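Heads up: the sequence shown runs through residues 1 to 329, numbered per the UniProt record's numbering.
Certain hints may be false.
As the list claims (entries may be wrong) - Below, simulated PhoX-like cross-link-like pairs (lysine-lysine); rule was C-alpha separation at most 25 angstroms, straight line:
hint: 1; residue 1: Lys209; residue 2: Lys109
hint: 2; residue 1: Lys327; residue 2: Lys224
hint: 3; residue 1: Lys327; residue 2: Lys34
hint: 4; residue 1: Lys34; residue 2: Lys180
hint: 5; residue 1: Lys109; residue 2: Lys67
hint: 6; residue 1: Lys122; residue 2: Lys67
hint: 7; residue 1: Lys224; residue 2: Lys297
hint: 8; residue 1: Lys68; residue 2: Lys327
hint: 9; residue 1: Lys67; residue 2: Lys322
hint: 10; residue 1: Lys119; residue 2: Lys34
To be verified - Here are the computed distance ranges between Cβ atoms for each label pair:
hint: 11; residue 1: Trp32; residue 2: Ser259; range: 43 to 53 angstroms
hint: 12; residue 1: Ser220; residue 2: Leu13; range: 43 to 53 angstroms
hint: 13; residue 1: Lys297; residue 2: Gly31; range: 55 to 65 angstroms
hint: 14; residue 1: Asn312; residue 2: Asn273; range: 42 to 52 angstroms
hint: 15; residue 1: Arg165; residue 2: Asp202; range: 18 to 28 angstroms
hint: 16; residue 1: Lys180; residue 2: Ala147; range: 12 to 22 angstroms
hint: 17; residue 1: Arg30; residue 2: Ser256; range: 48 to 58 angstroms
hint: 18; residue 1: Lys68; residue 2: Lys297; range: 33 to 43 angstroms
hint: 19; residue 1: Asn313; residue 2: Lys224; range: 22 to 32 angstroms
hint: 20; residue 1: Lys68; residue 2: Ala6; range: 27 to 37 angstroms
hint: 21; residue 1: Ile310; residue 2: Lys34; range: 32 to 42 angstroms
None of these hints come from the bench; they were simulated from the model.
In this text, all values refer to a predicted model and were calculated from it rather than measured experimentally.
Heads up, the beta-carbon is just placed ideally off N, CA and C, and yes, glycines get one too.
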Amino acid sequence: MKRGIAARFLWPLSLLFRLVVTIRRYAYWRGWLKSAQLPVPVIVVGNIFVGGTGKTPLVIWLVEILKKAGFHPGVISRGYGVSNNEPVEVSSLSESSKVGDEPLLIALKTQCPLVVCRKRVKAGEFLLRNHPEVDVVVSDDGMQHYALHRDVEIMLFDGRGGGNRWMLPAGPLREPLSRKADFTVVNGRNYPSPGNPIFVPDLHLMRLKNDVAEQLANRSCRLKLKYMQGKIAAAAGIGNPTRFFASLRATGLSFSEISLPDHFDYSSNPFRNVDADVILITEKDAVKCVQIEEFMKDKRLWVVPATVEIDNNALELRIVEKCRECKIA
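Please put together the full structure from these sequences, using the hints given.
Next up, the structure:
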């Protein structure tokens, strides 16, 4: 990412923002600002890059590997656009406009308890109070929410790496690239080179597998993307729609693109006048469409689930081991 004129103009503000962020984190490290510690291990999955990096599929993957290892995970989330000052538990009957599309997707996919609240400490306390079986908490995002103590941090990047390497507002970074975490994951097809600013020796590569579609109105009706026929369109209301489109093209599909704003609410129908036999959408868009009758009646709509693939099982084993160590301690 280039450092254009606008970025250079905003660079002094970026330096000020970096100073504030550094002082704030140091204050938590020294104990001048207090972090609340929950009685179970807390795993934070987040990033320092503004915009979508593939965090939601990684959270779903993490919950599943924890369940496979014998844990009883619960999830807490801020929930995009959620104004709740009090914790709210997400269920299959929840409206995405009230709990957020990503938390709703995570709850539906994992079937584990999930609580949204602007304050993650309150969300965690509510979760454990109402679900005493939960023995590990996964925080969906919240890398910069230092009011909540964390035992494990998983930091996610995508192919954009560190962008122009400047912090907000001159660049895309919430924290400096020097900021480290327990585990660093890159969502992409290639490892960063040693000269790349996001390169660390212990780096894990994540890929999103998108090769099957499910009809929105009947999710049991599945078809491999390579067998899709007719005029095809693909739509995405996510942080980085380009990545979704690229993953579809990797299967050999040809289609027209419909880029929607991130967290698009579907109060209006963007597909009504689209000339296509098939319209492919993301799971994040599907959790909103499925609650609106007009979309459920549109047989052209097919959902493309994203499945996480990690380069090897070392990350899974180390996360599970770290959680067990935290429980013993």
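Hint consistency between Lys109 and Lys67 [alpha-carbon to alpha-carbon, up to 25 angstroms]: Roughly 13 angstroms between the alpha carbons, so the hint for Lys109 and Lys67 holds.
Taking the Cβ atom of Lys68 and the Cβ atom of Lys297, is their distance within the range 33 to 43 angstroms? Since Lys68 and Lys297 have Cβ atoms about 38 angstroms apart, the given range 33 to 43 angstroms holds.
Holds or violated: 43 to 53 angstroms for the Cβ distance of Ser220 and Leu13? holds (52 angstroms)
Range agreement (Cβ of Ser256 with Cβ of Arg30, hint 48 to 58 angstroms): Taking Cβ atoms as reference, Arg30 and Ser256 lie about 54 angstroms apart, which means the hint holds.
Within 43 to 53 angstroms or not, the Cβ separation of Trp32 and Ser259? Holds - the Cβ-Cβ distance for Trp32 and Ser259, about 44 angstroms, lies within 43 to 53 angstroms.
Does the structure keep Lys209 and Lys109 at a Cα separation of 25 angstroms or less? With a Cα-Cα distance of about 16 angstroms, the restraint between Lys209 and Lys109 holds, given a limit of 25 angstroms.
Please test the hint of 22 to 32 angstroms on the beta carbon pair from Asn313 and Lys224. holds (26 angstroms)
Mind checking the alpha carbons of Lys327 and Lys34 for me, to see if they're no more than 25 angstroms apart? holds (22 angstroms)
Cβ separation of Lys68 and Ala6, checked against the hinted range 27 to 37 angstroms: Given about 47 angstroms between the Cβ atoms, the range is violated.
CA of Lys224 to CA of Lys297, is that 25 angstroms or under? Holds: Lys224 and Lys297 sit about 22 angstroms apart, inside 25 angstroms.
Just to be sure I understand the hint, the distance between the Cβ atoms of Lys180 and Ala147 should be within 12 to 22 angstroms; is that true here? With a Cβ separation near 20 angstroms, Lys180 and Ala147 satisfy 12 to 22 angstroms, so the hint holds.
Take a quick look at whether Lys68 and Lys327 sit within 25 angstroms of each other, Cα to Cα. Answer holds: Lys68 to Lys327 is near 17 angstroms, not above 25 angstroms.
Checked against the numbered hints above, the structure breaks hints 2 and 20 and satisfies the rest.
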